[in-house]
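Throw the hints in and build the complete structure from the sequences for me.
Residue numbers (the working numbering), protein chains in the order written: chain A, 421 to 625; chain B, 421 to 625.
Just so you know, these hints were derived from the structure itself, not from any lab.
Please read all numbers here as calculations on a predicted model, not as lab measurements.
Fair warning: there could be bad hints in the mix.
The list treats identical chains as one, so a pair stands whether inside a single copy or across any two.
In silico DSS-like links for lysine-lysine, alpha-carbon gap of 27 Å or less [to be verified]: (1) Lys437 - Lys608; (2) Lys608 - Lys550; (3) Lys595 - Lys447; (4) Lys608 - Lys515; (5) Lys528 - Lys475; (6) Lys515 - Lys437; (7) Lys515 - Lys423; (8) Lys528 - Lys437.
There are 2 protein chains.
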Amino acid sequence: MNKGLLIVLSGPSGVGKGTVCSVLRSKMPNLTYSVSATTRPPRQGEVDGVNYFFKTREQFQEMIARDALLEHAEYVDNYYGTPRDFVDRTLASGKDIILEIEVQGALKVKEKFPQGVFIFLMPPSLDELKQRITGRGTEEQHVIDHRMSVAAEEISLIRYYDYAVVNDEIDAACKRIESIIIAEHCRKDRFMSELADMLPASEKV
Amino acid sequence: MNKGLLIVLSGPSGVGKGTVCSVLRSKMPNLTYSVSATTRPPRQGEVDGVNYFFKTREQFQEMIARDALLEHAEYVDNYYGTPRDFVDRTLASGKDIILEIEVQGALKVKEKFPQGVFIFLMPPSLDELKQRITGRGTEEQHVIDHRMSVAAEEISLIRYYDYAVVNDEIDAACKRIESIIIAEHCRKDRFMSELADMLPASEKV
Chain A
421 MNKGLLIVLS GPSGVGKGTV CSVLRSKMPN LTYSVSATTR PPRQGEVDGV NYFFKTREQF
481 QEMIARDALL EHAEYVDNYY GTPRDFVDRT LASGKDIILE IEVQGALKVK EKFPQGVFIF
541 LMPPSLDELK QRITGRGTEE QHVIDHRMSV AAEEISLIRY YDYAVVNDEI DAACKRIESI
601 IIAEHCRKDR FMSELADMLP ASEKV
Chain B
421 MNKGLLIVLS GPSGVGKGTV CSVLRSKMPN LTYSVSATTR PPRQGEVDGV NYFFKTREQF
481 QEMIARDALL EHAEYVDNYY GTPRDFVDRT LASGKDIILE IEVQGALKVK EKFPQGVFIF
541 LMPPSLDELK QRITGRGTEE QHVIDHRMSV AAEEISLIRY YDYAVVNDEI DAACKRIESI
601 IIAEHCRKDR FMSELADMLP ASEKV
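Dropping the structure here:
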């Protein structure tokens, strides 16, 4: 059986990663979504193992110590991270798994899992991104300026990714991501082990 | 504007390249199909520039001499080849062009056009390919044996291709090819020139 693919979907804050992922969930029900570990307390209705794996700080630090996370970061005094075990088990079962993550986290995942498929979700333009960030109406000017400057820096990190998908229209962006996943399964390199079973020994590649 | 992609669809004789291409024509009307040059006379209803570019032997040899063909071969005393000019003009207009060709011809195209996307159409199994070849009911046993041995040799050349698409079911195979074309347009490398326009000079990648 073909092993599944780890798909890493990243991009600057405000580009619409979360919305794209939730539409993908309905369009590609066979895709598994990575579940993060966190030390923040569960909110009402959140289920352990579905929304997050809820951990104590001690449990989380122990996971860091035994390299059980593909990446982790601390925000507002809480840890967040990607458990390697959940990813590995999904892939071993032959299913694809998608991980939605910010740009720095994605690059850490790449260090530990270079065979993943790294997709960068792009705004149609920097002006469009600014509008989306401003459009939330909750940020002061200096916060917006800072976020735009971070976004430009992050976009320059696209060189470490495999694909760039422009999020001009959500269904179009989802179709591109779905196409990338189908195409990656057709890559010759991923296909060579199956091929070995098909050819007579004299023609082994 | 993004330049178009040259898609090369190849695979062993009997795998169904022609059928897949004709279904693709209806599913992807924006794709241009490469038109071959040939010295064989037009058959009833064939139109110059649509079915083939019809050439005299002198004209064809002159095209070979000035390297105007991406590949060419001679069958049953007639030349067949792929005019480079038609491919170049289509790509420059921003459109993708697909070339359906046998395995040896595809490898010659790759020498002259390595930036193409090379797709190998695979039979689900060698037994299945044998059935398709035998199923035509027109070949003697030694011809079938010879074609099977050629097919096994050709399949071993898959290592020079980018993608392998199994032709288990025609609509599924077409969807895989369509996905490969969409995904290739999203490849980061093909996207870098557009990106240069988007980023401030300080963040150039």
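Status of the hints after comparison with the structure:
1. Lys437 - Lys608: between (29 Å within a copy, 18 Å between copies)
2. Lys608 - Lys550: between (40 Å within a copy, 23 Å between copies)
3. Lys595 - Lys447: Both: 9 Å inside a chain and 15 Å across chains, each within 27 Å.
4. Lys608 - Lys515: both (19 Å within a copy, 25 Å between copies)
5. Lys528 - Lys475: within (21 Å within a copy, 58 Å between copies)
6. Lys515 - Lys437: Intra 21 Å, inter 29 Å, cutoff 27 Å: intra-copy only.
7. Lys515 - Lys423: Cα proximity of Lys515 and Lys423: one copy only (7 Å, versus 34 Å across).
8. Lys528 - Lys437: within (18 Å within a copy, 42 Å between copies)
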